[in-house]
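Asker: Position one of the sequence shown corresponds to residue 0 (numbering that gives the first Met the number 0), numbered consecutively onward.
Bear in mind the hints are in silico, worked out from the structure with no lab data behind them. From the three backbone atoms N, C-alpha and C, an ideal C-beta is built for every residue, glycine too. Possibly wrong hints are sitting among the right ones.
Computed list of lysine to aspartate or glutamate pairs in EDC-like fashion (alpha-carbon distance at most 16 Å, straight line) [stated by the list, open to error]:
| no. | residue 1 | residue 2 |
| --- | --- | --- |
| 1 | Lys-112 | Glu-71 |
| 2 | Lys-112 | Glu-123 |
| 3 | Lys-122 | Asp-139 |
| 4 | Lys-83 | Glu-71 |
Label-pair restraints from in silico Cβ distances [what the hints assert, rightly or not]:
| no. | residue 1 | residue 2 | range |
| --- | --- | --- | --- |
| 5 | Tyr-62 | Asn-26 | 15 to 25 Å |
| 6 | Glu-71 | Met-44 | 15 to 25 Å |
| 7 | Arg-130 | Ala-79 | 33 to 43 Å |
| 8 | His-156 | Phe-73 | 15 to 25 Å |
| 9 | Ala-117 | Arg-27 | 20 to 30 Å |
| 10 | Gly-116 | Pro-43 | 35 to 45 Å |
| 11 | Ser-45 | Gly-25 | 37 to 47 Å |
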Amino acid sequence: MTGPNRLLGLDPGLRFTGWGVIDIDGNRLSHVANGVIRTGTGLPMSQRLVQLHEQLAEIIKRYRPHAAAAEETFVNKNPASTLKLGQARGVVLLTPALAGLMVSEYSPNQVKKSVTGAGHGAKEQVQMMVRTLLPGCAVDSADAADALAVAICHAHHVQTAARMPAAANA
0 MTGPNRLLGL DPGLRFTGWG VIDIDGNRLS HVANGVIRTG TGLPMSQRLV QLHEQLAEII
60 KRYRPHAAAA EETFVNKNPA STLKLGQARG VVLLTPALAG LMVSEYSPNQ VKKSVTGAGH
120 GAKEQVQMMV RTLLPGCAVD SADAADALAV AICHAHHVQT AARMPAAANA
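Work the whole structure out from these sequences, hints included.
Answerer: This is the structure we're talking about:
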């Protein structure tokens with residue numbers, strides 16, 4: 000592929016889903032856009048999932064990423080919260096797949112390790128490193144910063160795979 004490779008990072012949530020778009024061109028990462036999808040808390044679950052799908056589909060249409068990556072869900076102590084998060088995560092994985100994108104998944108520890116060098120970095124450390132790795136990037140939400148961190152993690156994995164000899168990829 001010639002030119003930059005555009006990646007969409009996603010931090011799934013029912014109330015707030017963070018998203019971030021970056022370009023990778025060789026070893027260079029650059030910020031394109033980021034934000035948070037919010038769903039109406041007073042709406043029935045089905046309508047909230049529709050809102051999440053429609054807003055995410057619009058982001059994909061607008062920024063035209065080549066691939067997407069999402070953070071895996073950790074299990075909460077509250078089973079009802081875990082189930083709601085799982086439903087939102089299903090929409091977050093399905094929407095880019097419906098748009099024809101490959102969707103990769105990374106654990107929170109993989110994301111933090113890729114961005115901070117440690118698998119248990121604090122949210123503030125992740126935000127600071129996202130700003131460092133993507134100069135000029137304004138991130139005012141932990142959800143958007145986490146989504147950009149997922150995109151950076153995926154970019155590192157894509158770059159590593161590209162450097163591996165063909166025999167190692169077989």
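Asker: Against this structure, judge whether each hint is valid.
Answerer: Hints, verified against the model:
1. Annotation: proposed proximity of Lys-112 to Glu-71 holds, straight-line Cα distance about 14 Å (limit 16 Å).
2. With a C-alpha separation of about 14 Å, the suggested pair Lys-112 and Glu-123 falls inside the 16 Å cut-off, and the hint holds.
3. Only pairs whose Cα atoms come within 16 Å are accepted, and Lys-122 paired with Asp-139 is accepted, the gap being roughly 12 Å.
4. For the hint pairing Lys-83 with Glu-71, the CA-to-CA distance comes to about 14 Å; that is within 16 Å, so the pair holds.
5. The beta-carbon spacing between Tyr-62 and Asn-26, approximately 22 Å, falls within the hinted interval of 15 to 25 Å.
6. The supplied range of 15 to 25 Å is met by Glu-71 and Met-44, whose beta-carbon atoms lie about 21 Å from each other.
7. Between Arg-130 and Ala-79 the Cβ separation comes to about 35 Å, which falls inside the hinted range of 33 to 43 Å.
8. In this structure the hint that His-156 and Phe-73 lie 15 to 25 Å apart at CB holds, the actual value being about 20 Å.
9. For the hinted restraint 20 to 30 Å between Ala-117 and Arg-27, the CB-CB distance of approximately 24 Å keeps it satisfied.
10. Judged by the Cβ atoms, the range 35 to 45 Å given for Gly-116 and Pro-43 holds: they are separated by roughly 43 Å.
11. Between Ser-45 and Gly-25 the beta carbon distance is about 44 Å. The supplied range of 37 to 47 Å therefore holds.
Consistency with the previously given hints is maintained throughout, with no hint failing.
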